[in-house]
Amino acid sequence: MNSLTLAIRQEAARLLEEKIVDVVIGFEAGTLPLKAQPAFITRKEEAEKLVFNGFCQNNLAAYLTRFPKEKRLGIICRGCESRAVRALVIEHQHDRDKLYLIGVPCTGIIDWRKIERRVGENTLQAREEGDEVIVTTRDGEHRFRRADVLHDSCARCLHPNPVGADIVLGDPLPEGDPERAWAPVLEFEALPPEERYAYFVQETGRCIRCYACREACPMCYCTECFVDHTAPRWTESMITPGGTQAWHIVRAFHQAGRCVSCGACERACPMDIKMTYLVDKLSYDMMQQYGFEVGASDEKQPPFAAFTLDDRNRFVR
Amino acid sequence: MSDKWTPRIVVFQCQYCLYSEADQKWMDTQLPPHIKLIQVPCTGRISPLFVLNAIQGGTDGILISGCQPEKCHYKEGNLGARRQLDAFRRFLTYLGLEEGRIRFAWIDVSERGRIQQELAGLEKTIQAMGPITRLATRAIPVGEKR
Ligand code: SF4
Ligand code: SF4
Ligand code: SF4
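Residue numbers (our numbering), protein chains in the order written: chain A, 1 to 317; chain B, 1 to 146.
Some hints here could point you the wrong way.
What the hints assert, rightly or not - Now the in silico label distances, taken between C-beta atoms and shown as ranges:
#1 A:Val168 <-> B:Arg45: 21 to 31 Å
#2 A:Ala198 <-> B:Gly130: 11 to 21 Å
#3 A:Arg117 <-> B:Lys71: 31 to 41 Å
#4 A:Pro68 <-> B:Arg45: 29 to 39 Å
#5 A:Ala147 <-> B:His34: 39 to 49 Å
#6 B:Gln68 <-> A:Arg14: 31 to 41 Å
#7 B:Gln68 <-> A:Gly30: 30 to 40 Å
#8 B:Gly130 <-> A:Leu124: 50 to 60 Å
#9 B:Leu31 <-> A:Gln37: 55 to 65 Å
#10 A:Pro192 <-> B:Thr29: 35 to 45 Å
#11 A:Asp97 <-> B:His34: 57 to 67 Å
As the list claims (entries may be wrong) - Pairs of lysine-lysine residues, derived as DSBU-like cross-links and limited to a Cα-Cα distance of at most 35 Å, are as follows:
#12 A:Lys69 <-> B:Lys75
#13 A:Lys300 <-> A:Lys69
#14 B:Lys25 <-> B:Lys36
#15 B:Lys25 <-> B:Lys75
#16 A:Lys114 <-> A:Lys98
#17 A:Lys49 <-> A:Lys274
#18 A:Lys300 <-> B:Lys36
#19 A:Lys300 <-> B:Lys25
#20 A:Lys69 <-> A:Lys114
Bear in mind the hints are in silico, worked out from the structure with no lab data behind them.
In this text, a Cβ means the ideal position worked out from N, Cα and C, and glycines have one as well.
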């Protein structure tokens with residue numbers, strides 16, 4: 001067991017014992033290797049179940065909106081999760097004083113697909129050792145450098161350190177490299193328009209409309225999603241190429257100025273459909289146009305909510 | 001493509017932006033049949049979903065006409081709309097749509113006749129581009145009966 005897991009268990013047990021929170025949201029070991037699963041701990045004895053490692057795929061901030069506002073929540077927060085919590089608090093989804101954020105500087109999530117593709121086999125066991133991931137299959141042990149098997153979103157993460165946490169466990173990490181973070185958006189943008197469209201058509205064409213991407217996203221918390229809204233139907237949302245394209249366009253667009261670039265949507269997708277190139281473009285534009293970055297401040301409203309007359313000379317045509 | 005192709009155009013127009021009665025009358029009664037007018041109470045009512053729906057339905061060009069920033073009847077309805085619609089156009093461009101297919105006109109009180117100019121400008125751009133192909137998943141191919 002790593003020292004971080006130990007520290008998290010102790011802190012969770014203390015929070016429950018001292019009745020600072022009603023529930024601690026963290027991770028426990030899953031039934032499959034490479035995949036930990038979310039855990040909701042309400043009794044201090046259960047804190048022993050908690051684990052923390054690179055196999056924790058979900059964005060835990062997605063569970064914030066699933067609890068009533070009176071509940072006091074303790075949430076294990078990596079960089080992206082802490083930024084999502086900030087954005088959700090700004091959107092009045094929970095009171096900050098009913099939250100206790102256990103911050104953890106994050107070294108990135110391991111992409112189980114990258115591992116399975118490389119070993120070409122079912123994984124029987126997996127563990128981390130420093131900068132390495134060690135995977136056991138029927139034919140023995142495979143070792144990977146962590147950096148080679150990180151999820152794409154984590155490899156280009158800008159802010160691995162939690163913001164606004166009540167306590168931070170573990171040592172702070174260096175910030176990410178903006179050039180690396182935005183490279184995929186700029187590269188995609190540099191392609192000819194027909195290629196960009198072809199890629200979009202190909203990716204959306206495989207979508208089975210399971211909405212796992214929506215369920216995994218901390219910022220998709222609408223009681224009724226536009227895609228389930230049928231009367232009136234403002235845009236096509238049927239299971240047709242057009243309906244699915246609209247789903248991808250609008251889902252992404254609803255994240256403009258809100259997406260925390262956690263990549264949870266992409267990790268949740270059973271079809272391995274790429275979609276962070278969509279939301280990242282919107283985040284890039286929000287930064288370029290309005291100097292806005294989600295989670296950078298705990299009071300600044302996102303650009304679509306914070307319009308002003310200073311926009312006077314923008315968008316002339 | 002035959003030279004007889006006429007683009008399909010949709011205008012989203014805020015009901016207050018044409019202060020000139022003559023212009024509004026022209027919009028209400030004289031619009032050529034290939035231009036469809038969708039009047040809204042305020043630019044703020046134009047959801048990006050409407051724009052997407054028009055594009056997917058095969059609209060070759062869209063004009064969004066609203067008031068100048070400080071002249072909004074509802075004070076700031078157009079400010080929010082401008083940010084959203086601008087970002088939405090950038091986003092569709094990123095996905096391969098030609099930028100010129102969506103045009104904005106923020107019209108001032110004094111600008112009599114501007115709406116006609118904007119429509120002519122849009123039509124010229126669209127004529128040069130030809131019919132919409134990308135994202136128009138519900139479009140009826142050119143030449144078939146509409
Ligand atoms: S859209 Fe995807 S990357 Fe953005 S916050 Fe939601 S889950 Fe995370
Ligand atoms: S896709 Fe849009 S409407 Fe649907 S849950 Fe997400 S934010 Fe809400
Ligand atoms: S998770 Fe993947 S398959 Fe499911 S709706 Fe989202 S993009 Fe489509």
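inquiry  = A range of 55 to 65 Å was offered for this pair. Does it hold for the Cβ distance of B:Leu31 and A:Gln37?
reply    = holds (58 Å)
- Task: Go ahead and decide if the range 31 to 41 Å is satisfied by the Cβ distance of A:Arg117 to B:Lys71.
- Result: Once the Cβ atoms are compared, 57 Å apart, the range 31 to 41 Å for B:Lys71 and A:Arg117 is violated.
| request: Decide if the proposed pair is consistent with the structure: B:Lys25 and B:Lys75, CA atoms, cutoff 35 Å inclusive. | output: holds (25 Å)
Within a Cα-Cα threshold of 35 Å, do A:Lys49 and A:Lys274 meet the stated pairing?
Holds: A:Lys49 and A:Lys274 sit about 33 Å apart, inside 35 Å.
Take the C-beta atom of B:Gln68 and the C-beta atom of A:Gly30, compute their distance, and say whether it sits inside 30 to 40 Å.
At 57 Å between Cβs, range violated.
Between B:Gly130 and A:Leu124, does the C-beta distance stay in 50 to 60 Å? holds (57 Å)
Pairwise beta carbon distance, A:Ala147 to B:His34, judged against the given window 39 to 49 Å | violated (56 Å)
Exercise. Measure nothing beyond the straight line between the CA atoms of A:Lys300 and A:Lys69; if it is 35 Å or shorter, mark the hint as holding.
Key: Roughly 22 Å between the alpha carbons, so the hint for A:Lys300 and A:Lys69 holds.
Against the 35 Å threshold, does the CA-CA distance of A:Lys300 and B:Lys36 hold or violate the hint? Not OK: A:Lys300 and B:Lys36 at ~39 Å, beyond 35 Å, violated.
>> Assuming the hint says 57 to 67 Å, is it satisfied by the Cβ distance from A:Asp97 to B:His34 or not?
In response: 58 Å Cβ-Cβ, so the 57 to 67 Å window holds.
Within 35 Å, alpha carbon to alpha carbon, are A:Lys69 and A:Lys114? violated (38 Å)
- Task: Hint says 29 to 39 Å; check whether the CB-CB distance for A:Pro68 and B:Arg45 agrees.
- Result: holds (33 Å)
Going through the hint list in order, the structure does not satisfy hints 1, 3, 5, 6, 7, 16, 18, 19, 20.
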